[in-house]
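Participant: The primary structure of each chain is shown beneath.
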Amino acid sequence: MTDEARDPGLQALFRSAPDLPEDAAFIDSLRLRMKRQGRLRMANRLIVGGLLVAAAFSLQNALFPMSSALLSPLLDIQGLAGKVVAPINSPAGLLSVVLLGVRALHRRVTRG
Amino acid sequence: MTGFPAHYADGAEALVVGLARTGDEAAFTELVRRRQSWIRGLMRRLCGEAALADDLAQKAFLQAWRKLPGLEHPERFGPWLKQLAVNTWRQHARRNDPMRNADDTGEPEDSSRAPAGMAMDLDRALAQLSPDARMCIVLSYSEGMTHPEIATATGLPAGTVKSHIRRGTQRLQGLLADYDERIETEERQ
Chain A
0 MTDEARDPGL QALFRSAPDL PEDAAFIDSL RLRMKRQGRL RMANRLIVGG LLVAAAFSLQ
60 NALFPMSSAL LSPLLDIQGL AGKVVAPINS PAGLLSVVLL GVRALHRRVT RG
Chain B
0 MTGFPAHYAD GAEALVVGLA RTGDEAAFTE LVRRRQSWIR GLMRRLCGEA ALADDLAQKA
60 FLQAWRKLPG LEHPERFGPW LKQLAVNTWR QHARRNDPMR NADDTGEPED SSRAPAGMAM
120 DLDRALAQLS PDARMCIVLS YSEGMTHPEI ATATGLPAGT VKSHIRRGTQ RLQGLLADYD
180 ERIETEERQ
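As they're listed, the protein sequences go chains A and B.
Using numbering that gives the first Met the number 0, you'd call the opening residue of the first sequence number 0 and step up by one each time.
Using numbering that gives the first Met the number 0, you'd call the opening residue of the second sequence number 0 and step up by one each time.
Pulled out of the complex, with its shape left as it was, chain B reads as follows (with noise of 0.2 angstroms):
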């Protein structure tokens, strides 16, 4: 990358969000050097498509150009791009999925995408449930969140997101020991 100052990179993260709050764009810039590899594996994880997954990182990141003079407390970047990360995913999968309320039970949209003993890995297996379920289960298992911080930053209910993680991670195991089977079996021929 060029055209910003070196010493940026070396900066603490507050001051650097400090600096970018008033507009420096070199200094969102390291911002986003420093964060996309995780909002982009985010996002991958969340909706399973690498190019689709970069435009949502971008979306989230150009929010957060935006709003980022009204981020009182610098130090609190890190959860409040994550928040605003999700609100893209959230918006992105209520425009491309009017069924999701109809299906609120964390079962499979189509489960005729997923035969019995078909090869996937996580990815694959995440793709297989609803848009809340995904999105609880991976702000779960892959950012550590409790249930509590997951129904404060989806908005979802408290027992929703338990619902969701409880048969979203029943599903998983399912789906994930069919894998493991799949693979066994080859290693054996």
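With the rest of the complex left out, here is chain A (with noise of 0.2 angstroms):
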């Protein structure tokens, strides 16, 4: 007897046992179902979707006040000479120089 064998009284009780009839009541009632279901997912879909769009406006509300301090001219420095420092002359840029500055540096360090 391997481990596998099943007691065939038992097997005879588990096969005799009578299939259920169809039941339409059963299905209908799941299409019911199916459908509120849907219509839950849909109007979750909608929530997430509003939420995110409300995120997206707070976001860029904090954003723009932030990218125009950060492109804004530390010195004001008019002509020629203006424009050649434009690109530095900002907190922006300023933090660009400073960090290649400060990769430049890690770089030289660590390989020495």
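Incorrect hints may have been included.
[Stated by the list, open to error] Dumping the calculated DSSO-like pairs for lysine-lysine here, alpha-carbon to alpha-carbon at most 27 angstroms: (1) A:34 - B:81; (2) B:66 - A:34; (3) B:81 - B:58; (4) B:58 - A:34; (5) B:66 - B:81; (6) B:81 - B:161.
Just so you know, the hints here were simulated from the structure itself, not pulled from any lab data.
Everything numeric in this text was worked out from a predicted model, so none of it was measured.
Two chains, two frames, some hints: make the complex.
Facilitator: Written out as structure tokens, the structure reads:
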């Protein structure tokens, strides 16, 4: 007798159990639940979508002043000199130069 | 049933599954029509209550409808659906039986409910087993699954499955023998 061997009496009992007849009410009820589930999923998607749009607007409102501040000139330099130093004449430009300097320094230190 | 093309009833299951995967509700309804008897029967064996079994069967089908687009092999729809049904039953059993893990022996949860000689049929006898033992027995005897297949489907260790089936079988034999004796006595009288 192997591990998989089944008791013949029980096996016969299980086999003799009649199949359930097709139940139209079961299917109709399921279809109703599917429709309800579909509506719920749609409502959830609309809510999540609305939240994302609202979050995007809030983020935009916060990002716009930040980008303006980062790009505003640090020094009021007129003429050709102003145009030449324009790329670094802002907090963003200065930050970029500082970051490039730190990176170069880091490379030099780690190589040495 | 109305509201879906009659020719779906003649289509090969893999084809109907393929259509249902694209969101064709009528095709899915046809799959439900074909499989509902099996899944409802399986759930009835597992939980022993017709109304609850139908509710759990519907939950399994609802999950199937939601997850069907992710089914890679339409020809594996049957085993996949059975797995969903088993998961649905396990979730239900976990939620409704917090002491399940404390009783991992396959013995009845409340033996006072099964006095010796009490008339009982197979469903009543199954109801005396712990949910995990019942599930292993049903999947083995009713679904013809092997121990490794049951272990994979239920997430239980193979040794536990084997133990549940061995002890569950012994327990059922005892309960049903009482039932047979009672029937024979009644017939003699």
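Participant: Compare the structure with each hint and give your call.
Facilitator: Now the hints, each set against the structure:
1. Simply put, residue 34 of chain A and residue 81 of chain B have alpha-carbon atoms about 23 angstroms apart, close enough for the 27 angstroms limit, and the pair holds.
2. Distance restraint check for residue 66 of chain B and residue 34 of chain A: the Cα-Cα separation of roughly 15 angstroms lies within the 27 angstroms cut-off, and the hinted pair is therefore satisfied.
3. Using a Cα cut-off of 27 angstroms, the hinted pair residue 81 of chain B and residue 58 of chain B holds, with the two alpha carbons roughly 12 angstroms apart.
4. For a cut-off of 27 angstroms, the pair hint linking residue 58 of chain B to residue 34 of chain A stands: about 13 angstroms separates their Cα positions.
5. In summary, the hint linking residue 66 of chain B to residue 81 of chain B is supported, as the alpha carbons are separated by about 14 angstroms, within the 27 angstroms threshold.
6. Between residue 81 of chain B and residue 161 of chain B the alpha-carbon distance is near 20 angstroms, which keeps this suggested pair within the 27 angstroms criterion.
Checked against the numbered hints given earlier, this structure breaks none of them.
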